[in-house]
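So you can see what is in the structure, the chains are spelled out below.
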Amino acid sequence: MAGKTLYDKLWNAHLVAEREDGSALIYIDRQIIHEVTSPQAFEGLRLAGRQPWRTSASVATIDHNVPTTPFKSAAEIKDETSRIQVQTLQDNTKEFGITEFGIGDVRQGIVHVMAPEQGAVVPGMTVVCGDSHTSTNGALACLAHGIGTSEVEHVLATQTLVAKKMKNMRVSVEGELGAGVTAKDVVLHIIGVIGTAGGTGFALEFAGSAIRSLSMEGRMTVCNMSIEAGARAGMVAVDDVTIDYVKGRPFAPKGADWDKAVEYWRSLVSDDDAVFDEDITIDAADIRPQVSWGTSPEMVISVDANLPDPAAESDEVKRSGMQRAYEYMGLKPGMPVTDIKVDRVFIGSCTNSRIEDLRAAAEVAKGRKKSDSVKQVLVVPGSGLVKQQAEQEGLDKIFVAAGFEWREPGCSMCLAMNPDRLEPGEHCASTSNRNFEGRQGNGGRTHLVSPAMAAAAAVAGHFVDIRELEPA
Amino acid sequence: MEKFVRHDGLVAPLDRANVDTDQIIPKQFLKSIKRTGFGPNLFDEWRYLDEGFPGQDNSQRPLNEGFVLNQPRYQGASILLARRNFGCGSSREHAPWALMDFGFRAIIAPSFADIFYNNCFKNGLLPIVLSEDNVESLFKAVEGKEGFRITIDLDSQQVIPEAGEPLAFEIDEFRKHCLLNGLDEIGLTLNEADSIRAYEERRAEQEPWIFQ
Ligand code: SF4
Chain A
1 MAGKTLYDKL
11 WNAHLVAERE
21 DGSALIYIDR
31 QIIHEVTSPQ
41 AFEGLRLAGR
51 QPWRTSASVA
61 TIDHNVPTTP
71 FKSAAEIKDE
81 TSRIQVQTLQ
91 DNTKEFGITE
101 FGIGDVRQGI
111 VHVMAPEQGA
121 VVPGMTVVCG
131 DSHTSTNGAL
141 ACLAHGIGTS
151 EVEHVLATQT
161 LVAKKMKNMR
171 VSVEGELGAG
181 VTAKDVVLHI
191 IGVIGTAGGT
201 GFALEFAGSA
211 IRSLSMEGRM
221 TVCNMSIEAG
231 ARAGMVAVDD
241 VTIDYVKGRP
251 FAPKGADWDK
261 AVEYWRSLVS
271 DDDAVFDEDI
281 TIDAADIRPQ
291 VSWGTSPEMV
301 ISVDANLPDP
311 AAESDEVKRS
321 GMQRAYEYMG
331 LKPGMPVTDI
341 KVDRVFIGSC
351 TNSRIEDLRA
361 AAEVAKGRKK
371 SDSVKQVLVV
381 PGSGLVKQQA
391 EQEGLDKIFV
401 AAGFEWREPG
411 CSMCLAMNPD
421 RLEPGEHCAS
431 TSNRNFEGRQ
441 GNGGRTHLVS
451 PAMAAAAAVA
461 GHFVDIRELE
471 PA
Chain B
473 MEKFVRHDGL
483 VAPLDRANVD
493 TDQIIPKQFL
503 KSIKRTGFGP
513 NLFDEWRYLD
523 EGFPGQDNSQ
533 RPLNEGFVLN
543 QPRYQGASIL
553 LARRNFGCGS
563 SREHAPWALM
573 DFGFRAIIAP
583 SFADIFYNNC
593 FKNGLLPIVL
603 SEDNVESLFK
613 AVEGKEGFRI
623 TIDLDSQQVI
633 PEAGEPLAFE
643 IDEFRKHCLL
653 NGLDEIGLTL
663 NEADSIRAYE
673 ERRAEQEPWI
683 FQ
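Residue numbers (our numbering), protein chains in the order written: chain A, 1 to 472; chain B, 473 to 684.
Quick caveat, the hints were computed from the structure, so don't treat them as lab data. Each hint should be verified, as a subset may be incorrect.
As the list claims (entries may be wrong) - To give an idea of the chain B side of the interface with chain A (calculated C-beta under 10 angstroms), a few residues: (1) S504; (2) W518; (3) R556; (4) N557; (5) T661.
We treat Cβ as the ideally placed atom computed from N, Cα and C, and that holds for glycine.
Next up, chain B with everything else stripped away, as it sits in the complex:
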């Protein structure tokens, strides 16, 4: 997994609540059996005016000029500012894969859907929860000044906007540790293989049918 320690980047504001994973990466693109290559189809139905399908030359497609990620001022954005319940819907990990592949490293929102939130961490994408008020003021700041940047410092758990006060955020210790060090979770768990085996033995006594 890619490490996340400190990141400074341009912010793009996506002013919608309940953005679902069908929107983040529409189902026709889930057919790939790889983890990469989803970026060009991130938010496909909002970004392009025609209907997308896998394997297309996206540079030839008509763009929806009004969509925020198509506006010149947000080109190169690596931090997405979003509204509540971001990432609701399906469990597809293709959603964080697409966001990463597009170039995002962090998402800031008042709340995230559980499975999406969890999936982000497996891929080095940092989802940050801030209060509705703080998110609202960031929206104002970002929309108010072209080129608005934010620095995210994971170790000190701070979002540092280029203007204004730093904002603290919460993150679970284990996830932080894995992100800071880019750790392979499976490898970590396999260090506890003995505990897993011991558990299985106990369980097999009580509920043998589970192991048949």
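The following block holds chain A by itself, in its conformation from the complex:
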């Protein structure tokens, strides 16, 4: 019998019941809740007179709507609808007895930064959240994926989900990453290769020596964007990096439980003889710093290349998509990526707002200044704890000295639900994960890059190859 993949193991360990029609009931260990996709779920519970199945399984925080300027209570949020959502989460978590890291709590932050940081996510768990980037948590060898609001309610009420097993896909990145090439470039490159629907229907495992060489933060960046490759869930097998990361975190097992846990977690790897429905290998040496040029994450290219020509695309649907993207982005085929000027820069989001990301951006910002042609550079840490750590290391001072703005934690300009946003037509070097039309503000033009590349663009006023940056 063929061996099992990591995903097979996680799936099997959480099977509550299999139904005749091929669907299954799987147990959910952890649900993470935020203010945007939960109000209707709590309302549903109330209307049906139901109680949460197991309140300790859930942990909540506010992130999507919060201003990134200091505020002390919901009442201080100017935007009325944002205020209502933040307040509603507070009321709901209180009513149902769910832990919330709310306003003023140093643990508050972007859901997918907060949860691993607290150890609220540990290997072997099933993790869901009403947010598609829940895949981030798969970096800890979890089955983690986004769900809709009806499912948030379903998990609250039953601690399970009705699911169907996905297929297995492995993407192995083998070899050593070149200088200036980060986890973000790896995942953007992967999406460029397999396409935004390449992973649809699959659970993705990232493997290979280049993935294993990444820190936990880097692995989270890679798993974060599984959904941009079409896969709901992305994951990385357990190794020492995983276990060292979890150790000592507030929610992590302690004492005898810890030893027992580690022993079990060591088994959370794909067996050598496991068979994947799709198995892709990428040579790490082929990956260069990436910049997205269009309105879909697969429209991505190396910084040292010229923009692609739609006329060379044989697939008609893709070609018309490219043409529309050129129109929206105000760019021309054939132009060098480094000629694209940048109006604003955003360093943050659940993709790249952890301490390592901020360190990488600060390293570039150090001793340099924001270009006069760049209107604004926002640096938004992923959580209160990341912010604290960065300040202890003096990163905030580096950013401020370079003319960057140092903000409070939240999703911020990743989706511009709060006041941080692009004006129509502006180009933004952004460390976030989506370059859809209007994502960062109506008419805004997003270019996805790594934190170092974003900081370099802020300094130069246009994209630059981080490998060729002049010394400060």
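Since the structure of chain A is provided, determine the placement of chain B with the ligand on it from the hints.
For chain B with the ligand alone, kept in the frame of chain A given last:
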């Protein structure tokens, strides 16, 4: 949940691939804490020429006449014909809520993003996957004749265009059953509460830290 058994309706063609949920319902409208009222802002950035915000009187806004849903011939459409990877992006269930609220009952496309596909079923909106070729011929048929209608029969799993052959589609049994009967999934799952409890007991022995 609203039942879906058989539906006959006017078809609107949305000729774009990779339509993402940010496009279906832009983020500024996610701030509502209700499930209804999203219809007027469906495809907001494509439908209107100005920037929309919640609570606005949409009847006063300048329309983008070129956008397919604004064309007179597609008024009253309840079936959306779309291209591959429809509904990619965020997990927001506001996307199917907005489509339903606008009046759509079914979407036909060559492929859907996973989370969106799943969310549709929770709300009585039927996403139907047909081959690229079949979708292409439906686009031609719809664009070629004003008022083109399609009947969808869930029980027999058929898309029946007003002209041409019926097209069969696949659907998972459980989802079909729930749609045909308008079932409450939570209620169904709670019938298995004993299995869930038994599972928890087993798990708590092996991984007690999960339950702390
Ligand atoms: S940072 Fe962006 S992608 Fe991540 S959870 Fe927030 S809005 Fe979603």
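These are the hints, each one checked on the structure:
Look at S504 of chain B: its Cβ gets to within about 7 angstroms of chain A, closer than 10 angstroms, so that hint holds up. Here the hint on W518 of chain B is kept, as its CB sits about 9 angstroms from the closest CB of chain A, short of 10 angstroms. The interface hint given for R556 of chain B is met, as the beta carbon of that residue sits about 6 angstroms from the closest beta carbon of chain A, less than 10 angstroms. Nearest Cβ of chain A to the Cβ of N557 of chain B: about 4 angstroms, under the 10 angstroms cut. The hint holds.
Hint status for T661 of chain B: holds, given a least beta-carbon distance of 5 angstroms to chain A, under 10 angstroms.
Hint check: no violations occur; every hint is consistent with the structure.
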